[in-house]
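Asks: First to last, the sequence lines map onto chains R and S.
Numbered per my numbering, the first sequence spans residues 1 to 157.
Numbered per my numbering, the second sequence spans residues 158 to 396.
Possibly wrong hints are sitting among the right ones.
[To be verified] No farther apart than 20 Å at their CA atoms in a straight line, the calculated lysine to aspartate or glutamate pairs in the EDC-like style are these: (1) Lys299(S) <-> Glu45(R); (2) Lys18(R) <-> Glu318(S); (3) Lys67(R) <-> Glu259(S); (4) Lys378(S) <-> Glu321(S); (5) Lys379(S) <-> Glu45(R); (6) Lys67(R) <-> Glu309(S); (7) Lys18(R) <-> Glu309(S); (8) Lys101(R) <-> Glu294(S).
No lab work stands behind these hints, which were simulated from the structure alone.
For clarity, every value in this text was computed on a predicted model and none was experimentally measured.
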Amino acid sequence: MVDLTAVDKIIEGYHGDKTAILAILQDIQAVYNYLPREAMMRVVEKLQVSTTQVSSLATFFHAFSLKPRGKNIVTVCMGTACHVRGAPRVLDEIERQMGVKNQETTPDGLFTVETVNCVGACALGPLVMVNGNYHGNIATSEVTEVLDQYRKPAGQA
Amino acid sequence: MVEITLNGKKVEARDGETILDLATREGIHIPTLCHHPAVEPTGACRMCLVEFSMNNGPKKITSSCTLVAEPGMVVETDSERVHKNRKSVLELLMARVPGNPELEKLAKESDARLAPRFPEMKEDCILCGLCARVCEEVVGAKAIFFTNRGTELDVGGPFLESPEDCIGCGACVYVCPMDCIKMEQNAETRKIVKWDRELPMRKCEVCGYPFMPNFQVLRFKKWADMPGDYFKICADCRK
Ligand code: SF4
Ligand code: SF4
Ligand code: FES
Ligand code: FES
Numbered sequence: 001m002v003d004l005t006a007v008d009k010i011i012e013g014y015h016g017d018k019t020a021i022l023a024i025l026q027d028i029q030a031v032y033n034y035l036p037r038e039a040m041m042r043v044v045e046k047l048q049v050s051t052t053q054v055s056s057l058a059t060f061f062h063a064f065s066l067k068p069r070g071k072n073i074v075t076v077c078m079g080t081a082c083h084v085r086g087a088p089r090v091l092d093e094i095e096r097q098m099g100v101k102n103q104e105t106t107p108d109g110l111f112t113v114e115t116v117n118c119v120g121a122c123a124l125g126p127l128v129m130v131n132g133n134y135h136g137n138i139a140t141s142e143v144t145e146v147l148d149q150y151r152k153p154a155g156q157a
Numbered sequence: 158m159v160e161i162t163l164n165g166k167k168v169e170a171r172d173g174e175t176i177l178d179l180a181t182r183e184g185i186h187i188p189t190l191c192h193h194p195a196v197e198p199t200g201a202c203r204m205c206l207v208e209f210s211m212n213n214g215p216k217k218i219t220s221s222c223t224l225v226a227e228p229g230m231v232v233e234t235d236s237e238r239v240h241k242n243r244k245s246v247l248e249l250l251m252a253r254v255p256g257n258p259e260l261e262k263l264a265k266e267s268d269a270r271l272a273p274r275f276p277e278m279k280e281d282c283i284l285c286g287l288c289a290r291v292c293e294e295v296v297g298a299k300a301i302f303f304t305n306r307g308t309e310l311d312v313g314g315p316f317l318e319s320p321e322d323c324i325g326c327g328a329c330v331y332v333c334p335m336d337c338i339k340m341e342q343n344a345e346t347r348k349i350v351k352w353d354r355e356l357p358m359r360k361c362e363v364c365g366y367p368f369m370p371n372f373q374v375l376r377f378k379k380w381a382d383m384p385g386d387y388f389k390i391c392a393d394c395r396k
């Protein structure tokens, strides 16, 4: 069972405002790293909205994940600029090293690989974000080095 | 009242009237799939395309079911460009849902190529969302809606699972323009096949006819605060 105390707190923060569903879902994902089904059903119950409304929003935006994700989120930009500068090769290399495909999480729960279409830093392409940190102009040969930074336990860097 | 020009003729539209409604009133036929007078139009299927311009501006193509008449509007429902666009829409829909009788009927009206120009998809639904609009706006159940988006877009229960809020009323079955939502019923249960929703039936205490799903009775009581024994007998026996 997922502990829903955090969800209740988040919903309270919006004073039951039905129009705040999207913000609430974002806050929930920030806490749990994904959208647990129980959390979404709590939103339905507390805000008195339909399950379809929450499910359509949660599945519309790529930023939401319905599956548990890893400790570190590796986001490869596949936008046009990054694409022509070699993003597919970078993604291939990351998938190869991790042994998982796009949208999947490594068995040790350390990394989830995702893609986006342009994060608005095209001049830095090809670009990989890890937990929101930008790694621009990345070459396939630099992938190991970048990922290793996040493999080390905190404090040992 | 709003004066507009419709196919070269000056006509009066009612305030807030859509071009589709006006044309229908004027006896002009515009093909539709996702339109239903009981719900808000969303312009999803694009069958009802017309051409219009404002103050001699550029001519634009848009869906007539969502286009509200404005003073000085000039509308063509029968131009070559209109027919060409509707035909393309129809060809795309026919590639998505091959062999659908309703689409084939429209194709006969419009001489759309029956030999497919696009790869066939073998779907049964055109994702017009009429079922969901009726379920929300008319029934009030909000049991089904869209999930995902883009090429992954689909319609059905939340997370594409069996919809727990579905009362099995069959309104979606009735309005679907593709006739792809099937309902199966026997003495014990009613099933909305497309949504995978199966509900036990309530039998009339007088004649024994299975007249309504139990769950529907519970929801009606909740929504309308009906007396508890109101739904023990069917409408026929109540007369
Ligand atoms: S099931 Fe029918 S009504 Fe619903 S979206 Fe598909 S085609 Fe439209
Ligand atoms: S049968 Fe179910 S899904 Fe269809 S309109 Fe009725 S409540 Fe909605
Ligand atoms: S395409 Fe990658 S940042 Fe714009
Ligand atoms: S009837 Fe107008 S878009 Fe479907």
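Asks: Decide, hint by hint, whether the structure agrees.
Replies: Hint check:
1. Lys299(S) <-> Glu45(R): 14 Å, holds
2. Lys18(R) <-> Glu318(S): This hinted pair is violated, its Cα atoms lying about 24 Å apart.
3. Lys67(R) <-> Glu259(S): Not satisfied, since the Cα-Cα distance of roughly 40 Å exceeds 20 Å.
4. Lys378(S) <-> Glu321(S): OK: Lys378(S) and Glu321(S) at ~17 Å, within 20 Å.
5. Lys379(S) <-> Glu45(R): Given pair Lys379(S), Glu45(R) holds - Cα atoms ~16 Å apart, limit 20 Å.
6. Lys67(R) <-> Glu309(S): Holds, at about 17 Å.
7. Lys18(R) <-> Glu309(S): 27 Å, violated
8. Lys101(R) <-> Glu294(S): 41 Å, violated
The earlier numbered hints that this structure contradicts are 2, 3, 7 and 8.
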